[in-house]
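Asker: These are the residues of each chain, in order.
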Amino acid sequence: MVDFSPEEQAALELLRKNADAVPPDSARNFPEAVESLMRLWEDHHRSGRAWSPDFVEEAARLLRKEGNRHGFTAYFGACRRYSLRRRGDGFVSACYLRSKIQILTDEFVPFADFMHPADSGALEKVDKLYIKDANDIAPIPPEEIPWWVPESHWWWRAPTRLDMSQQEIDEKIHDYSLSDFYDEDEEMPGETSQN
Amino acid sequence: MRSRSYPIHPRSETPHATHTPRPEDDHRIDPQAINAKNMLEALAWAGMSEQEIAQTRGNANPEKRPWQRLCSAVMNNEFPEMGSTGPEAEAVKPAMAKALSFSLEKAPDFKECAYRYEYFMAFYNATLSDVEERHLHLPNVEQLKEATSQILRSEGDIRQTLKSDIQKLNELRTGNSASVDITLSKEEIVASLRKQAAIVGMGPDTSTAYHARKHYMELPASERDGLHPVEAYLNGLEKTIREGKVTNFKKGANSVNVSFSRNLPPGQGKLPKDGTPQHNKIFSALFVKKSGDTRALTMHSKSEPEGP
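Top to bottom, those sequences are chains A and B.
In terms of full-length UniProt numbering, the first sequence opens at residue 1 and continues consecutively.
In terms of full-length UniProt numbering, the second sequence opens at residue 1 and continues consecutively.
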């Protein structure tokens, strides 16, 4: 009989409950289960402890159940939708979700095993989005990257235009455009008369 | 008693683990030129011919403001599979074609086209999210086909909703718009904004409707129940300006930026899907031009550490 900690039991219980759930509940329940696993991940990192093999085995077994696999595909769908808004206000949320997906697939179940067989390449497609338009994504200041993010999670540092003005960054992350407030030939803040 | 533990070994090996930015590339890249090029490719992908694109753009300079504003709307709100080939791309193209035809009805007013595109995309994203939640057993190509089918059927509803939003907006924001003298002191500017909170608007009607639809559900239920979304949103904006704390004040030579932030009742903020903390504030950014014209640029909820 394996003894799991109360936190491990709580995480497994959320996965157990969702294992046989049907849509849309299986999608709506899944983020809470992810967060319970993430709290354990953060705890382990903070204390230098590791997953117990028994916990990993049981969590993986439950994650492979249909309700949780479906929940994962919806969770990935949210990551993909935010990634499609990476040049606007979606990038930070995309990074959070992408990191949590990476931790789930590194520690418990490979990506392809969660997804419909036709969509096993979907993660690579999303990753290409961060590279393709890297000059037009608002950079995230290093101090705003969560402490638990591994160095290997490169997407947080994908933006290449590191001298993007604060005005442009604010427009992207808050989803507005100052140019909406100015006529075509009217000088905007930060412009010189040569523009 | 804990069972035996083993060290965590991060097993992720990604091809881009060593990707680093190249500052010299940033200085060579002209963002407006890239945007314009990307936009041409996006329009062609969605099915517009070179002639149709040229006719639509007319004499507008592709690297100057109105066309660039439309570029931003299209590129910042990317359709799934945009630019790619294959069955998923073919499933999405009709939806993007519809978004473009809905938006370009107002050409050559490309700013208005941008607002219409953003409004349409808000509905598309909500539709796609709902389809993905309910049809979890389907491969993505079938989900995309279903989302396209639903959004094409929804065109009438989208038009009607936009019309209703603008009608409500015009009922609520009549008369003069807010104006503040930017040569005043910080205290005087803030006082003037609070006094005019009921008439601060967000500019063009379609853009205001977009922001309202996108964010009104982030207001507490008590501020929304029984109200039209646009009314709830503008009421929320007024309350934020009137009662909120000033969290940013920046005075330039030709403009002033002021942000206000108010607390949400505990547990009533938006619960983000990315696992970040539940939202506990409503935030609004205001902008005052040299002329005194004043507008709210945005209002939305956010999560912030509780201050002193």
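There could be a bad hint or two in this list.
The calculated SDA-like cross-link candidates involving lysine to any residue, where the alpha carbons are at most 25 angstroms apart (straight line), are [to be verified]:
| hint | chain 1 | residue 1 | chain 2 | residue 2 |
| --- | --- | --- | --- | --- |
| 1 | B | K64 | B | M75 |
| 2 | B | K290 | A | P189 |
| 3 | B | K270 | B | S303 |
| 4 | B | K106 | A | E184 |
| 5 | B | K239 | A | L178 |
| 6 | A | K132 | B | Q167 |
| 7 | B | K195 | B | P139 |
| 8 | B | K302 | A | P146 |
| 9 | B | K250 | A | P146 |
| 10 | B | K273 | A | S179 |
| 11 | B | K302 | B | A253 |
| 12 | B | K290 | A | G190 |
| 13 | B | K195 | B | G175 |
| 14 | B | K64 | A | P139 |
Some chain B residues flagged as far from chain A (calculated, every beta-carbon gap over 10 angstroms) [unchecked claim]:
| hint | residue |
| --- | --- |
| 15 | E155 |
| 16 | G275 |
| 17 | H279 |
No lab work stands behind these hints, which were simulated from the structure alone.
We put the CB at the ideal spot given by N, CA and C, even for glycine.
Asker: Take the hints in turn and mark each one as holding or not.
Answerer: For each hint, the structure was consulted:
1. The suggested pairing of K64 (chain B) with M75 (chain B) holds, with an alpha-carbon distance near 16 angstroms, which does not exceed 25 angstroms.
2. The suggested pairing of K290 (chain B) with P189 (chain A) holds, with an alpha-carbon distance near 10 angstroms, which does not exceed 25 angstroms.
3. Restraint check: the Cα-Cα separation between K270 (chain B) and S303 (chain B) comes to about 9 angstroms, which is no more than 25 angstroms; the hinted pair holds.
4. Taking the CA atoms of K106 (chain B) and E184 (chain A), the gap is about 17 angstroms. The hint holds against a cut of 25 angstroms.
5. For the proposed pair K239 (chain B) and L178 (chain A), the alpha carbon gap of about 23 angstroms is at most 25 angstroms, so the pair holds.
6. Using a Cα cut-off of 25 angstroms, the hinted pair K132 (chain A) and Q167 (chain B) is violated, with the two alpha carbons roughly 41 angstroms apart.
7. Between K195 (chain B) and P139 (chain B) the alpha-carbon distance is near 54 angstroms, which puts this suggested pair outside the 25 angstroms criterion.
8. Between K302 (chain B) and P146 (chain A) the CA atoms are separated by roughly 17 angstroms; this keeps the pair inside 25 angstroms, and the hint holds.
9. Of the pairs offered as hints, the one joining K250 (chain B) and P146 (chain A) is violated, with about 28 angstroms between alpha carbons and a cut-off of 25 angstroms exceeded.
10. Restraint check for K273 (chain B) and S179 (chain A): not satisfied, since their Cα atoms lie roughly 31 angstroms apart, outside the 25 angstroms limit.
11. A C-alpha spacing of about 29 angstroms is found between K302 (chain B) and A253 (chain B), which places the hinted pair above 25 angstroms, so the restraint is violated.
12. For the proposed pair K290 (chain B) and G190 (chain A), the alpha carbon gap of about 13 angstroms is at most 25 angstroms, so the pair holds.
13. Simply put, K195 (chain B) and G175 (chain B) have alpha-carbon atoms about 16 angstroms apart, close enough for the 25 angstroms limit, and the pair holds.
14. Under the criterion of a C-alpha separation no larger than 25 angstroms, the hint pairing K64 (chain B) with P139 (chain A) is consistent with the structure, at around 24 angstroms.
15. Every Cβ of chain A is farther than 10 angstroms from the Cβ of E155 (chain B); the closest lies at roughly 21 angstroms, confirming the non-interface assignment.
16. Distance to chain A contradicts G275 (chain B) as a non-interface residue, since its nearest Cβ pair spans about 5 angstroms, not more than 10 angstroms.
17. Every CB of chain A is more than 10 angstroms from the CB of H279 (chain B) (nearest about 13 angstroms), matching its label as outside the interface.
Hint check: violations occur at hints 6, 7, 9, 10, 11 and 16; the rest are consistent with the structure.
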